[in-house]
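Peer 1: Protein sequences appear in the order of chains A and B.
One point on numbering: in this note's numbering, the residue at position 65 of the first sequence is 65, and numbering is uninterrupted.
Just add 134 to wherever you are in the second sequence, counting from 1, and you've got this note's numbering.
Please note that a few of the clues may not be correct.
Label-pair distances were calculated between CB atoms; the ranges are [to be verified]:
hint: 1; chain 1: B; residue 1: 180; chain 2: A; residue 2: 107; range: 46 to 52 angstroms
hint: 2; chain 1: B; residue 1: 227; chain 2: A; residue 2: 90; range: 52 to 58 angstroms
hint: 3; chain 1: B; residue 1: 241; chain 2: A; residue 2: 108; range: 43 to 49 angstroms
hint: 4; chain 1: B; residue 1: 254; chain 2: A; residue 2: 90; range: 51 to 57 angstroms
hint: 5; chain 1: A; residue 1: 117; chain 2: B; residue 2: 227; range: 24 to 30 angstroms
hint: 6; chain 1: B; residue 1: 239; chain 2: A; residue 2: 108; range: 42 to 48 angstroms
hint: 7; chain 1: B; residue 1: 251; chain 2: A; residue 2: 96; range: 20 to 26 angstroms
Bear in mind the hints are in silico, worked out from the structure with no lab data behind them.
In this text, all values refer to a predicted model and were calculated from it rather than measured experimentally.
For glycine and all other residues, C-beta sits at the position ideal for the given N, C-alpha and C.
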Amino acid sequence: MSTQAPPREWTLSAAVAIALTVTMSVVSLPRVAHADVGDAPSSKSSDLSQVEDNDKPKDPSLLDKKPADAAVQQQAVPSAPFYENWKFWAVAGVVVVGAVALVLGGYYLSHSANGGDVRPCAMDFQGRCFGEGH
Amino acid sequence: MRRLLLALILASASLGAAGCNEYHYYDIDVTFNTSAGQFAGINEVSTIQVMRMLVSGADDGDFQIGPNANGLPLVTGGHLGVFEYSTFADSGQLTFTAMAFDDATSNPSCKTGQGMKSVEATSMITNTVMLTVDKVDPGCVP
């Protein structure tokens with residue numbers, strides 16, 4: 001007894017299937033080639049549905065700009081250099097004047113606290129004053 | 135900005151802490167020794183025309199008074215008075231050496247008296263030092 005399958009025979013259904021495939025290919029190829037080439041935009045309702053947002057919210061507040069949007073928009077605008085801002089110069093001036101006053105004040109305060117300038121020679125010393133400051 | 139201010143305050147505070155130098159005064163009260171065996175009263179003390187004061191230790195100094203100035207020669211008693219020495223030193227030891235000359239120069243051969251006193255330098259503004267000048271050599275006046 002042979003285990004090999006018997007050779008297939010060309011049936012009528014197979015021939016019909018092949019014929020249909022070849023026919024459909026031949027008929028559809030020219031239409032695909034001409035599709036959307038030089039055609040005006042279609043105005044069919046199906047196209048409109050693509051442009052329109054059918055999910056557009058009905059609540060207008062949802063479309064209002066949020067603070068974050070404003071901040072992003074503000075960041076996008078190029079700001080002026082810091083040295084053209086009068087506030088910068090005002091703060092810098094106060095800081096510089098304060099620092100100078102602080103240093104000078106500290107110096108004179110320390111100098112005074114430490115006795116200040118050399119004291120003058122007493123009269124009864126008859127000019128016998130020597131050392132630092134004399 | 136706060137850090138900058140803090141840095142400035144600290145810098146000025148450290149400047150104040152370092153500070154400028156503080157004057158300290160050492161008032162050296164000089165007296166000639168007129169006790170027995172020393173200077174023979176005003177007659178001998180009045181021959182002293184020049185005095186030289188040396189400072190050593192925590193500070194250095196060399197200065198001279200006289201002749202015919204700064205209270206020399208003495209006309210009465212044996213108390214010359216105060217030498218005031220100002221210094222920035224506030225620690226260590228200060229040594230004051232007074233030398234008396236019976237000549238118009240500080241010629242070493244004419245040195246007749248000398249006194250020395252060592253004191254600890256302190257942070258006090260005024261320090262009083264008593265110094266006695268003893269007769270150490272015959273000098274140039276017979």
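Peer 1: Would you mind marking each hint as holding or not holding in the structure?
Peer 2: Verification of the hints:
| no. | hint | result |
| --- | --- | --- |
| 1 | 180(B) - 107(A): 46 to 52 angstroms | 49 angstroms, holds |
| 2 | 227(B) - 90(A): 52 to 58 angstroms | 56 angstroms, holds |
| 3 | 241(B) - 108(A): 43 to 49 angstroms | 47 angstroms, holds |
| 4 | 254(B) - 90(A): 51 to 57 angstroms | 54 angstroms, holds |
| 5 | 117(A) - 227(B): 24 to 30 angstroms | 27 angstroms, holds |
| 6 | 239(B) - 108(A): 42 to 48 angstroms | 45 angstroms, holds |
| 7 | 251(B) - 96(A): 20 to 26 angstroms | 52 angstroms, violated |
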